[in-house]
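Colleague: Each chain is listed here by its residues.
2 protein chains.
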Amino acid sequence: MMYPDPSSVSRVCSIGAGPIGGGWTAHFLARGYDVTAYVHDMAEREALMAIVETAWVSLTALGLAKGASLDRLTVTDDLDEAVKGADFIQESAPERPEIKQALYERLGQIVPEHVVIASSTSGMTMTEIAARCPSPARCVIGHPFNPPYLLPLVEIIGGERTDPAAVDWAVAFYEQAGKAPLKMKKEVPGFVATRLQEALWREALHMVANGEATPEDIDIALKNGPAPRMVVQGQCMAFHVACGEGGMATNLDQFGPALKWPWTRLEAPELTQELRDRMVEGCNAMAGTRHFTEMAAERDAKIVAVLKAVRGDA
Amino acid sequence: MMYPDPSSVSRVCSIGAGPIGGGWTAHFLARGYDVTAYVHDMAEREALMAIVETAWVSLTALGLAKGASLDRLTVTDDLDEAVKGADFIQESAPERPEIKQALYERLGQIVPEHVVIASSTSGMTMTEIAARCPSPARCVIGHPFNPPYLLPLVEIIGGERTDPAAVDWAVAFYEQAGKAPLKMKKEVPGFVATRLQEALWREALHMVANGEATPEDIDIALKNGPAPRMVVQGQCMAFHVACGEGGMATNLDQFGPALKWPWTRLEAPELTQELRDRMVEGCNAMAGTRHFTEMAAERDAKIVAVLKAVRGDA
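Note that the protein sequences, when read in sequence, are chains A and B.
Residue numbering for the first sequence follows this note's numbering, starting at 3 and increasing by one per position.
Residue numbering for the second sequence follows this note's numbering, starting at 3 and increasing by one per position.
Treat the hints with care, since some could be wrong.
Heads up, the list lumps identical chains together, so a pair's fine if it works in one copy or across two of them.
Only pairs whose alpha carbons sit at most 30 Å apart, straight line, appear in this in silico DSSO-like list of lysine-lysine [said to hold, decoys possible]:
no.	residue 1	residue 2
1	310	185
2	262	188
3	86	68
Just so you know, these hints were derived from the structure itself, not from any lab.
These numbers were taken from a predicted model, which means no experiment stands behind them.
So that you can see chain A by itself, here it is in the shape it has in the complex (with noise of 0.2 Å):
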């Protein structure tokens, strides 16, 4: 199958009313796009332009692609309708299998093969979401991180079925329509974000049940602490970079037995040789040829901007 060009997709339907559907309806109607809206009954429309309306005042805030306009927007509960003309589909529906299935074996039926379908779905797989579907090389995942008119990741991965074409397809796309693309290595419950959310999340848990800290002395200790460079620099440079010369390196092999200390009561893996050069490499990869100093000064920039960002100075 040839797909288009991801530059020339036009139009765009968002099959679903809810925060997640309304979110990708607002983001695609910000990046320019016209967008159909599809509503399983014409009741949601008043709840689909209230998030669709909350979401604007943001993605205005952010800059607006040339031409965007919230007039581009059609809502429809005829499916057929919704789907026609469209260039790409983002589903949204309720994370039900007998809901998502029926779904996509119509949608199979009815979208041009050339067309790609992408699931919101945060816990199923592509293999059972297209199990009826007719069609299903071009369906794929393209998860989103809530709210998804604000945070940029979308984790790509397709099903059994899925031609690789679609998935590098979508990666495409998403680029061009302004998401940060992360296309997934292996299927894995919880994708990459939300499973490194839920251990941080899990350890808050345990230390809220042992009396170790309240929660709202997490939320001091996260958004003082490691957030404001997370947020600039990611967890695995800001270990390299804070490393100095010697980088990811000199922090696993310097402190890689700390691996074992009891933080956390999350097991750690045994640290290899080949898990430490995977490490090591990819950090090498990422700094490309930028100096440890450069990184420190261009990372220090950006901490004090998220600062004044976050206190309302910016």
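Dock chain B against chain A, hints included.
Modeller: Relative to the frame of chain A, chain B by itself:
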């Protein structure tokens, strides 16, 4: 012991020429204090000044206190000279028990007992550090988050022989000095912030070890997903507000079973009624009288500012 009013502090002694000691020196100078920096050897002066000057760029961008100046720094390798006239001492000596214990033995002799001494230690307890100190009541841990000139968090706890009033004084002083103090409920390895970060870090290492993600994937996921929200709300309030009207109660009552899902390799705590209530009450207390829509709007506005800050147009 009566400790002086934290607002009366005018001279701070910062012990240590490394990134932590140097970072503290820069921070206190930026907040308008006179600072005496103790270095073990005058040969370390140059390295210390390099750290202070690097930090000064960021501190200036964040806004200096009235009268703040690098000219108000004195560097000495004479400990008696260093502590003379100091109203507060921040100790960031090497993390070796014999060094810290000898230092606190001497400080306990030469520093008036109403002067609080805080250690930046990340791995020792104050009980251990002050083992040989003749006046341990005023000795506390004041553990910063790296880099200490930028990240506001300071985690505070005493040892077995610490006067609780000295802990409270340190909390009040750090607040006065522009930090975000967190008074620890219990001695816990890794304190609060580093434990939470470590849980996330271990999960990240597991994902890389299993070929589920590269270090770059980890960083893309964090920077574009959880981090922009975490810096604005922490994790407890992020979930509280995301669950709308129902808040944290909905989060735990509805998604509680998800704690048993194999998301992350971290064993989940038992979601007892007590834990549930602590989480819910903690979030309600933080929310105060604010409606969730108000908090969500504030979150969105700040995430917008953070995203603009990170991409460089703040």
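Colleague: Taking the hints in turn, state whether each one holds.
Modeller: For each hint, the structure was consulted:
Taking the shortest alpha-carbon separations for residue 310 and residue 185, only the inter-copy value of 24 Å comes in at or below 30 Å, while the best intra-copy value is 32 Å. In this assembly of identical chains, the alpha carbons of residue 262 and residue 188 lie at most 30 Å apart whether taken from the same copy (27 Å) or from different copies (21 Å). Proximity of residue 86 to residue 68 under the C-alpha cut-off of 30 Å is restricted to the intra-copy arrangement: shortest distance 24 Å within a copy versus 64 Å between copies.
Consistency note: the structure conflicts with none of the earlier hints.
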